[in-house]
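Protein chains: 2
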Amino acid sequence: MSATFFPQDIIIKKRDGGVLSKVEIDFFAHGVAEGTFKSYQASALLMAIFWRGMTPQETAWLTDAMLHSGEIIDLRDIPGAKVDKHSTGGVGDKVSLILAPLAAACGLKVPMMSGRGLGHTGGTLDKLEAIPGFRVTLSVAEFRAILQQVGAAMIGQTPQIAPADRKLYSLRDVTGTVECIPLICASIMSKKLAEGIDSLVLDVKFGRGAFMKSKERALELARAMVAIGQVSGKPVRALLTTMNQPLGRAAGHTTEVIEAIECLKGRGPADLMELTYALTGHMLILGGAAKDEASARRQLEAAIANGSALEKFRQMCVAQGGDPRVIDDYKILPTAKLFTEVRAPADAKGFVSEVDALKCGHAIMALGGGRAAVTDQIDHAVGIADLIKIGEPVGAGTRLCTLHLNDHAQSFRAEALIRDAIQFTPTAPTLEPLIQDLIQ
Amino acid sequence: MSATFFPQDIIIKKRDGGVLSKVEIDFFAHGVAEGTFKSYQASALLMAIFWRGMTPQETAWLTDAMLHSGEIIDLRDIPGAKVDKHSTGGVGDKVSLILAPLAAACGLKVPMMSGRGLGHTGGTLDKLEAIPGFRVTLSVAEFRAILQQVGAAMIGQTPQIAPADRKLYSLRDVTGTVECIPLICASIMSKKLAEGIDSLVLDVKFGRGAFMKSKERALELARAMVAIGQVSGKPVRALLTTMNQPLGRAAGHTTEVIEAIECLKGRGPADLMELTYALTGHMLILGGAAKDEASARRQLEAAIANGSALEKFRQMCVAQGGDPRVIDDYKILPTAKLFTEVRAPADAKGFVSEVDALKCGHAIMALGGGRAAVTDQIDHAVGIADLIKIGEPVGAGTRLCTLHLNDHAQSFRAEALIRDAIQFTPTAPTLEPLIQDLIQ
Chain A
1 MSATFFPQDI IIKKRDGGVL SKVEIDFFAH GVAEGTFKSY QASALLMAIF
51 WRGMTPQETA WLTDAMLHSG EIIDLRDIPG AKVDKHSTGG VGDKVSLILA
101 PLAAACGLKV PMMSGRGLGH TGGTLDKLEA IPGFRVTLSV AEFRAILQQV
151 GAAMIGQTPQ IAPADRKLYS LRDVTGTVEC IPLICASIMS KKLAEGIDSL
201 VLDVKFGRGA FMKSKERALE LARAMVAIGQ VSGKPVRALL TTMNQPLGRA
251 AGHTTEVIEA IECLKGRGPA DLMELTYALT GHMLILGGAA KDEASARRQL
301 EAAIANGSAL EKFRQMCVAQ GGDPRVIDDY KILPTAKLFT EVRAPADAKG
351 FVSEVDALKC GHAIMALGGG RAAVTDQIDH AVGIADLIKI GEPVGAGTRL
401 CTLHLNDHAQ SFRAEALIRD AIQFTPTAPT LEPLIQDLIQ
Chain B
1 MSATFFPQDI IIKKRDGGVL SKVEIDFFAH GVAEGTFKSY QASALLMAIF
51 WRGMTPQETA WLTDAMLHSG EIIDLRDIPG AKVDKHSTGG VGDKVSLILA
101 PLAAACGLKV PMMSGRGLGH TGGTLDKLEA IPGFRVTLSV AEFRAILQQV
151 GAAMIGQTPQ IAPADRKLYS LRDVTGTVEC IPLICASIMS KKLAEGIDSL
201 VLDVKFGRGA FMKSKERALE LARAMVAIGQ VSGKPVRALL TTMNQPLGRA
251 AGHTTEVIEA IECLKGRGPA DLMELTYALT GHMLILGGAA KDEASARRQL
301 EAAIANGSAL EKFRQMCVAQ GGDPRVIDDY KILPTAKLFT EVRAPADAKG
351 FVSEVDALKC GHAIMALGGG RAAVTDQIDH AVGIADLIKI GEPVGAGTRL
401 CTLHLNDHAQ SFRAEALIRD AIQFTPTAPT LEPLIQDLIQ
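As they're listed, the protein sequences go chains A and B.
Per my numbering, the first sequence runs over residues 1 to 440.
Per my numbering, the second sequence runs over residues 1 to 440.
Any given hint could be a false lead.
Straight-line Cα separation of at most 27 Å, BS3-like style, residue types lysine-lysine; simulated pairs [to be verified]: (1) B/K215 x A/K13; (2) A/K389 x A/K265; (3) A/K167 x B/K38; (4) B/K38 x A/K13; (5) A/K291 x A/K234; (6) A/K167 x B/K22; (7) A/K13 x B/K22; (8) B/K234 x A/K38; (9) B/K331 x B/K349; (10) A/K389 x A/K215; (11) B/K22 x B/K215; (12) A/K13 x B/K389; (13) B/K213 x A/K213; (14) A/K213 x A/K22; (15) B/K215 x B/K234; (16) A/K234 x A/K167; (17) B/K389 x A/K167; (18) A/K215 x B/K38; (19) B/K331 x A/K13; (20) B/K389 x B/K331; (21) A/K38 x B/K389; (22) A/K349 x A/K331; (23) A/K349 x A/K291; (24) A/K167 x A/K22; (25) B/K265 x B/K234; (26) A/K234 x A/K38; (27) A/K38 x B/K331.
It is worth saying that the hints were derived from the structure and are not from the lab.
As the structure is a computational prediction, the values presented were derived from the model and not from experiment.
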């Protein structure tokens, strides 16, 4: 890459509201990967982008440049439609654990690269690692082999994938440049396109427990990502979903793995199954395995009912080194020493009006089940189960949730957070729909 | 300094338009000097400051924090008023070389720390170094001794002075965050306050050859610096002056030293003397050596006429290791091999309407007399002399300037730039005043 210009010229152009050219964006992304665009120059440009934004074309170029800064997995020789799902993250979101084997049971190939939890949100890799022996670090050859044999493989981002994004992602975290739609969009899409997918379904969450607090911002992000998909020739559909209360009734790691397996056994909570069916349904449509949402839904329900989705989960577990006995014996998972039921006070009467996902996430952190910094260790055993949902009736002593904990001292702060998270109302509240929009 | 918060919290606060506290600004400035606030975080904050600005109070706190990041020279035991001048820089601005000995001849102490040239603007240190033997790197002890004995000493910024500014200044240069008034203001004022001055006169230039292109921006900068002076208890006056054409008739290094000595001998060009008298006059008033501009002017003219200002220049030259014979024999200065007169074309008739200072600066760079990067070597001998001024009459073959050069190949580009810089008009143009405003 010849330096026909200086990094500061590109920074100044964006600072003054200009539109960067493809050559300038390539110079930036490759320079970041190779170290010629210094971190202190990259962070100034990131802040200028945060300020001035990026056009759809600039965002597409940035995605493409980050994608091509590293290895792109070629899955064209593996038969079947390669379709993945990505969620912008929330509390209790274990959809991937159900969706990947479910989609595979319906004939898709799901090459899924996930992340770890940070702050109040959990991460798929951490949840998988609650299963004894489960390896999320696989070579590309292993990843391909499992994908081909099982139909679903779930791993972490390899160092060869989008190294420019890797550097910029960690830089954004410490320079106040995280919440910027073009940067978020390019980061997600460059990694997903590097997986070798044919198409992608996005779960763009908004609300108290989500990264995006407002529906407007979530819509903006969803549209930007769908647009990148169009430019890249990889169809992308996005569902806009609420994340005010945790998804399902469990949050944590062991507790969420149990809930995911329960879903695969046909005993999942309604909201979690609704979202899982919707997201997986759009994957089937994109992958050509179903002609519309209704027929997709029938296939998915059948794959749960006939046990084929659970069987795919078992196969994936075995292929990735995990102990498949967890499916039938949850005690094999890391198990907490103590269980505390949080119950409604004696004067409680009416309905649950709020279960604040952010506060629930903080409660899990208080139990030791989350990370404040990326280097923190997490306790897989702790978490929340049996969580009450918005709209459910409460009276004196109604169970609000069960806390799984390893240290009694933690329970006070966690319980206080849970009590603060759950609000009551005398009359039944109006329930807002979980799935609010489809962008395609 | 205890880290009660993270750098990114401060970045995010400013990014979102917040006002930083004194503690946060101290954490930033000291963290930059000590390396705990990383350069990639500092540059993101600098861009956020560029975007959101700083209140006068924030700017004052930043100045104070950068000032206290290093050594502050204490000159209180040296008798007399310590008054300095700072210019925001232009083309042909050799005022410091005349003003420092002139003010010393009128009884002031002038502790002057200057910079080097970069881009189209020249630097006082580079001009002084055209004098054989002249040392601009002195210990603080030497600086104090010369100041006491001679009354004027001219040196470069020592590494102990405002190290936070030193780091931020070099960072701003490569991250597109230079033209930001609070940052410029804090940078200049922290260094000037560290010199141990009692008061300060500023020459804030605007126009084609200046850093600030518009009078409005220059006024804003002048007001910000005067305000910092008030907060610090050091009276500051600022003159707003135009920088559309070069100051005087010479630009370069040897050529400017000669012109400065000519001024001290009473043979200086009108515009250069007007500005030098005005700036030095305000120094005398601030230092209590004159009661008003008229009486200051009389003292200054006398110091030129009776040779005492030239004598101060000679003493300073000797004290700093320079060869004082340059005063009487300009051939001792680095001398160019070739001299080319640029003359008006045969059809020229009328008056000079424009002498573009920026293009003249670029012509000097084309001759090898400027720096594109801070590490570039400069040729002191080359430059422009005998430059025609706006409003002067021209006819066929009128001399527009004399180029001093060492390589004939350079002359083509330099002459083309000069020809492009100088425009003619059939009727006498209206001359804009050089000094446009006084801010105090």
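Here's how the hints hold up against the structure:
The suggested pairing of B/K215 with A/K13 holds, with an alpha-carbon distance near 23 Å, which does not exceed 27 Å. With a CA separation close to 21 Å, the supplied pair A/K389 and A/K265 stays within the 27 Å bound. Using a Cα cut-off of 27 Å, the hinted pair A/K167 and B/K38 holds, with the two alpha carbons roughly 15 Å apart. The straight-line distance between the Cα atoms of B/K38 and A/K13 is roughly 24 Å, inside the 27 Å bound, and the hint therefore holds.
Annotation: proposed proximity of A/K291 to A/K234 holds, straight-line Cα distance about 18 Å (limit 27 Å). Proximity of A/K167 to B/K22 is assessed by CA-CA distance (about 32 Å); at most 27 Å being required, the pair is judged violated. For the given pair, A/K13 sits about 32 Å from B/K22 by alpha-carbon distance, which is inconsistent with the 27 Å threshold. Between B/K234 and A/K38, the direct Cα distance comes to roughly 39 Å. Violation of the 27 Å bound is thereby established for this hinted pair.
Proposed proximity of B/K331 and B/K349 is contradicted: the alpha carbons are some 36 Å apart, above 27 Å. Taken as a hint, the A/K389 and A/K215 pair is honoured in the structure, with Cα atoms around 21 Å apart against an allowance of 27 Å. Of the pairs offered as hints, the one joining B/K22 and B/K215 is violated, with about 31 Å between alpha carbons and a cut-off of 27 Å exceeded. About 35 Å separates the Cα atoms of A/K13 and B/K389, which puts this hinted pair outside 27 Å; it is violated.
With a CA separation close to 42 Å, the supplied pair B/K213 and A/K213 exceeds the 27 Å bound. Restraint check: the Cα-Cα separation between A/K213 and A/K22 comes to about 32 Å, which exceeds 27 Å; the hinted pair is violated. Restraint check for B/K215 and B/K234: satisfied, since their Cα atoms lie roughly 25 Å apart, inside the 27 Å limit. Using a Cα cut-off of 27 Å, the hinted pair A/K234 and A/K167 holds, with the two alpha carbons roughly 25 Å apart.
Among the hinted pairs, B/K389 with A/K167 is inconsistent with the structure: their alpha-carbon atoms are about 54 Å apart, more than 27 Å. For the proposed pair A/K215 and B/K38, the alpha carbon gap of about 35 Å is over 27 Å, so the pair is violated. A threshold of 27 Å between alpha carbons decides the hint, and for B/K331 with A/K13 the separation of about 46 Å lies outside it, so the pair is violated. Between B/K389 and B/K331, the direct Cα distance comes to roughly 26 Å. Compliance with the 27 Å bound is thereby established for this hinted pair.
Between A/K38 and B/K389, the direct Cα distance comes to roughly 44 Å. Violation of the 27 Å bound is thereby established for this hinted pair. The straight-line distance between the Cα atoms of A/K349 and A/K331 is roughly 36 Å, outside the 27 Å bound, and the hint therefore fails. At most 27 Å may separate the alpha-carbon atoms for a hinted pair to count; A/K349 and A/K291 exceed this at roughly 47 Å. This hinted pair checks out: A/K167 and A/K22 have alpha carbons roughly 20 Å apart, not beyond 27 Å.
The suggested pairing of B/K265 with B/K234 is violated, with an alpha-carbon distance near 33 Å, which exceeds 27 Å. Between the alpha carbons of A/K234 and A/K38 the distance comes to roughly 32 Å, so the proposed pair goes past 27 Å and is violated. The straight-line distance between the Cα atoms of A/K38 and B/K331 is roughly 46 Å, outside the 27 Å bound, and the hint therefore fails.
Checked against the numbered hints above, the structure breaks hints 6, 7, 8, 9, 11, 12, 13, 14, 17, 18, 19, 21, 22, 23, 25, 26 and 27 and satisfies the rest.
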